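The residues making up each chain are set out below.
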Amino acid sequence: MKKNILYYVKIGASLLIICAFMAGLVSGVHTLTKEKIDNYNAEKRAVAFREFFPETVSSALSEITSEEVNAVYELYDVDGELIGYSVDASASGYAGLVNVMVGITKDGEIKGIKVISHTETKGLTSEETANGFFSQFRGKKGSVTLGTDVEAMSGATISSKAVTKAVQKALSLNIGEGE
Amino acid sequence: MKKNNFYLSHLKEGILDKNPVLVQLIGMCPTLATTDTVTKAFGMGLAAAAVLAFSNLFISLLRKFIPKQVRIASYIVIISGFVTAVEMLMNAYLPALYESLGIFIPLIVVNCIILARAEAFASKNSPLPSLWDGICMGLGFTFALVLLATFREILGCGSFCGISLFGDSYTPISIIVSAPGAFIMLGTLIAAVNKVMSKATKSKKSKEAKEEKNKEEEVAINV
Chain A
6 MKKNILYYVK
16 IGASLLIICA
26 FMAGLVSGVH
36 TLTKEKIDNY
46 NAEKRAVAFR
56 EFFPETVSSA
66 LSEITSEEVN
76 AVYELYDVDG
86 ELIGYSVDAS
96 ASGYAGLVNV
106 MVGITKDGEI
116 KGIKVISHTE
126 TKGLTSEETA
136 NGFFSQFRGK
146 KGSVTLGTDV
156 EAMSGATISS
166 KAVTKAVQKA
176 LSLNIGEGE
Chain B
5 MKKNNFYLSH
15 LKEGILDKNP
25 VLVQLIGMCP
35 TLATTDTVTK
45 AFGMGLAAAA
55 VLAFSNLFIS
65 LLRKFIPKQV
75 RIASYIVIIS
85 GFVTAVEMLM
95 NAYLPALYES
105 LGIFIPLIVV
115 NCIILARAEA
125 FASKNSPLPS
135 LWDGICMGLG
145 FTFALVLLAT
155 FREILGCGSF
165 CGISLFGDSY
175 TPISIIVSAP
185 GAFIMLGTLI
195 AAVNKVMSKA
205 TKSKKSKEAK
215 EEKNKEEEVA
225 INV
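Protein sequence lines, in the order shown, are assigned to chains A and B.
For what it's worth, my numbering labels the leading residue of the first sequence as 6, then goes sequentially.
For what it's worth, my numbering labels the leading residue of the second sequence as 5, then goes sequentially.
Just so you know, not all the hints are guaranteed correct.
Here are the simulated lysine-lysine pairs, DSS-like style, with alpha carbons at most 27 Å apart [claimed, not checked]:
#1 B:Lys-128 to A:Lys-15
#2 A:Lys-127 to A:Lys-111
#3 B:Lys-68 to A:Lys-15
#4 A:Lys-174 to A:Lys-146
#5 A:Lys-111 to A:Lys-39
#6 A:Lys-39 to A:Lys-116
#7 B:Lys-219 to B:Lys-209
#8 B:Lys-22 to B:Lys-203
#9 A:Lys-15 to B:Lys-22
Bear in mind the hints are in silico, worked out from the structure with no lab data behind them.
Just so it is clear, the structure is predicted and the values come from calculations on it, not from any experiment.
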């Protein structure tokens, strides 16, 4: 009886030690690389912000939060004046999450959209798509519906739906309207 | 003398005789997916090789400590720990490569090659040879990937490592950089490599047979 318990304890303990050690290693590397990764992500966001509003000098995480979106950023110009917003939203495509950044003016109009990350077909982040499908979103406010407000990309219905859904989530926050 | 022979012969095995992709036919998924450009293939190969080397080393060091009943679970914990570490390091220091390889970096965890070498070699041998085995198999993996990617990028994009070779005059064969093209190119490459290696083995065998015959004749004459 005692021998059996010891046998299981030995197995459990060895697994515990290995897991603890590897967890320690991973968290060590995480601490080492956290700053660089955060800086890189902030730089990626800043590139998107400047594409929407070229006068952007700084940004800050907005107090506006919602379960629908990942984050809302407020964009400031060189005088510290609020010039617009940028909403980070995601929706499911056919091969995973499509992560979209939506630039919104103070009046609640879409300034532009940019796909930050995705695992759909390669062409989604090409210049052609940017000039075609994505450009349809500019100037829209309130809500966007695929088929009426924007036309889907030919041969990429599900990806189009995903992008539209993400933009819709951003618009549902009603940022900038009624001001 | 014997030690040197092991290290050199193992290197040859890893790259040629027992190449994981071209001969053992394992680790095919990342091979198909990341060989559309040479830079991606090289990055993927080295990332997998790094994980393979370190996990082989660790598993070999712990081989007497890990109970047999939970060995696969332990290997997976160790391998995924190293993959996560490599992923974070790539995100921090090689962000462009990290973005282009995307989901295939975490998928290194389930790369057959790593688990296969852990079970077949690292769990039964001492640390230094295991580390070397990881390095050799990793180099063989990288070699296969870069070889395939060279063909796929030149024919399918008209470039090499992102540098356009033919300018506008060349219309790239776009099927080659897509999934079906990957299968076709990989199959062709495996067939070609195995043909070349079987020819080499045949000529080596006939050479050895000839030498045997000469030795027999010499003995006959001396008698």
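These are the hints, each one checked on the structure:
1. B:Lys-128 to A:Lys-15: Holds, because 21 Å separates the two Cα atoms, which is no more than 27 Å.
2. A:Lys-127 to A:Lys-111: Answer violated: A:Lys-127 to A:Lys-111 is near 33 Å, above 27 Å.
3. B:Lys-68 to A:Lys-15: 13 Å, holds
4. A:Lys-174 to A:Lys-146: Between A:Lys-174 and A:Lys-146 the Cα gap is close to 12 Å, so the pair holds against 27 Å.
5. A:Lys-111 to A:Lys-39: 33 Å, violated
6. A:Lys-39 to A:Lys-116: 31 Å, violated
7. B:Lys-219 to B:Lys-209: 15 Å, holds
8. B:Lys-22 to B:Lys-203: 16 Å, holds
9. A:Lys-15 to B:Lys-22: 37 Å, violated
Hints 2, 5, 6 and 9 from the list above are not met by this structure, while the remaining hints are.
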